[in-house]
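A.B. asks: Could you put together the complete structure from these sequences and hints?
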Amino acid sequence: MPREYVGLDVRGLIREHFERGPLEWDYRPDVILQLLDLAEKSLSQQPSLLELSSPLVVCGDLHGQYQDLLQIFQKNGLPFNQRYLFLGDYVDRGTHSLETVMLLLACRVEYPENVYLLRGNHEIPSVNKTYGFLGEIRMRYHHARKWDVVYRRFCEVFAHLPVAATINSQVLCVHGGLAPSLKSIDDFRSIKKPQYEPADEGLLENILWADPSPECALFSANSERGCSFTYGNQAIDEKFRELGISLLVRAHQVVDHGFEFFANRRVVTLFSAPGYHDYYENLGAVMKFARDGTYTFDQFDSAPPVGNATFAKIPYTE
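Residue numbers (the working numbering): 15 to 332.
Misleading hints may appear alongside valid ones.
As the list claims (entries may be wrong) - With beta-carbon atoms standing in for the labels, derived distance ranges:
| no. | residue 1 | residue 2 | range |
| --- | --- | --- | --- |
| 1 | 21 | 94 | 16 to 22 Å |
| 2 | 248 | 44 | 40 to 46 Å |
| 3 | 241 | 329 | 41 to 47 Å |
| 4 | 306 | 206 | 18 to 24 Å |
| 5 | 21 | 156 | 37 to 43 Å |
| 6 | 157 | 332 | 32 to 38 Å |
| 7 | 327 | 258 | 41 to 47 Å |
| 8 | 248 | 149 | 37 to 43 Å |
| 9 | 182 | 44 | 24 to 30 Å |
| 10 | 241 | 327 | 38 to 44 Å |
| 11 | 156 | 95 | 37 to 43 Å |
| 12 | 89 | 156 | 31 to 37 Å |
| 13 | 216 | 327 | 43 to 49 Å |
| 14 | 231 | 332 | 49 to 55 Å |
The set of hints was computed from the structure by calculation and includes no laboratory data.
Here a beta-carbon is modelled for each residue, glycine too, at the ideal position from N, C-alpha and C.
C.D. replies: In structure tokens:
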């Protein structure tokens, strides 16, 4: 059991996550709500478009695979000495969305110059009430009659997440991708937040749900998702010129090797949840940008599941 916190010792909370290893937490509701208040304050001060520089480690979908989030930090550096950008989809599908998002938000609060979080489509209430997060919160807090308050506060905090980032002004990072209405990088800056539930067919919905596709040249209705668009090579040519970028890094789709290029290596899909949903046999990957802007990929296999004692605890000494 985590120790009692006076106020909220965020750094102590982070340290205990690493030093306990991938075990399920029994967070007190008041601890969750205190952290969410701090996270909301931090995220509300950020613009919709983050302008970052390398070095930086970029991570794709996590989907409640808490053990793999710990593995990412273990392999690539702890958040006090490494800089990270996460592309969204922290919750749903996996079994430990709560631990995943609690650790990420705590890191955002305690290390705001090192940990950056974007919004994914699963940080939308109409999605995460269906695909696992609401059910997880309801199951774990029904006895305290706090599940509805806890869930609503998470969704309110998610509404403050930034929606896109640039790296060295040349690399655009966003959860899903491009949209026909994008004409300038300023369009990302103009997206208002908080948006609890993005407007139908609005720019935020479109960039969270879009997918690249070899089946279209420009933009086409994204029939598989039921909203947004797919975008092809010609659309990428046009939007890269208008946005002044040379590379798009996005998440949103499981890919076999953890990363996959499209459109002559101008678009890369990044997925950081290996063995996704206990169904796929995919690897996970992170994308590591060096100070000079060059990048490499680090692939990894699934960590042992939460509760498995063979996964090493992570010493946490600043």
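A.B. asks: Against each hint, give a clear statement of whether it holds in the structure.
C.D. replies: Hints and how they fare:
no., hint, in the structure
1, 21 <-> 94: 16 to 22 Å, "holds (20 Å)"
2, 248 <-> 44: 40 to 46 Å, "violated (53 Å)"
3, 241 <-> 329: 41 to 47 Å, "holds (45 Å)"
4, 306 <-> 206: 18 to 24 Å, "violated (35 Å)"
5, 21 <-> 156: 37 to 43 Å, "violated (27 Å)"
6, 157 <-> 332: 32 to 38 Å, "holds (36 Å)"
7, 327 <-> 258: 41 to 47 Å, "holds (45 Å)"
8, 248 <-> 149: 37 to 43 Å, "holds (41 Å)"
9, 182 <-> 44: 24 to 30 Å, "violated (41 Å)"
10, 241 <-> 327: 38 to 44 Å, "holds (42 Å)"
11, 156 <-> 95: 37 to 43 Å, "holds (39 Å)"
12, 89 <-> 156: 31 to 37 Å, "holds (36 Å)"
13, 216 <-> 327: 43 to 49 Å, "holds (44 Å)"
14, 231 <-> 332: 49 to 55 Å, "holds (51 Å)"
Checked against the numbered hints listed earlier, the structure breaks hints 2, 4, 5, 9; every other hint is satisfied.
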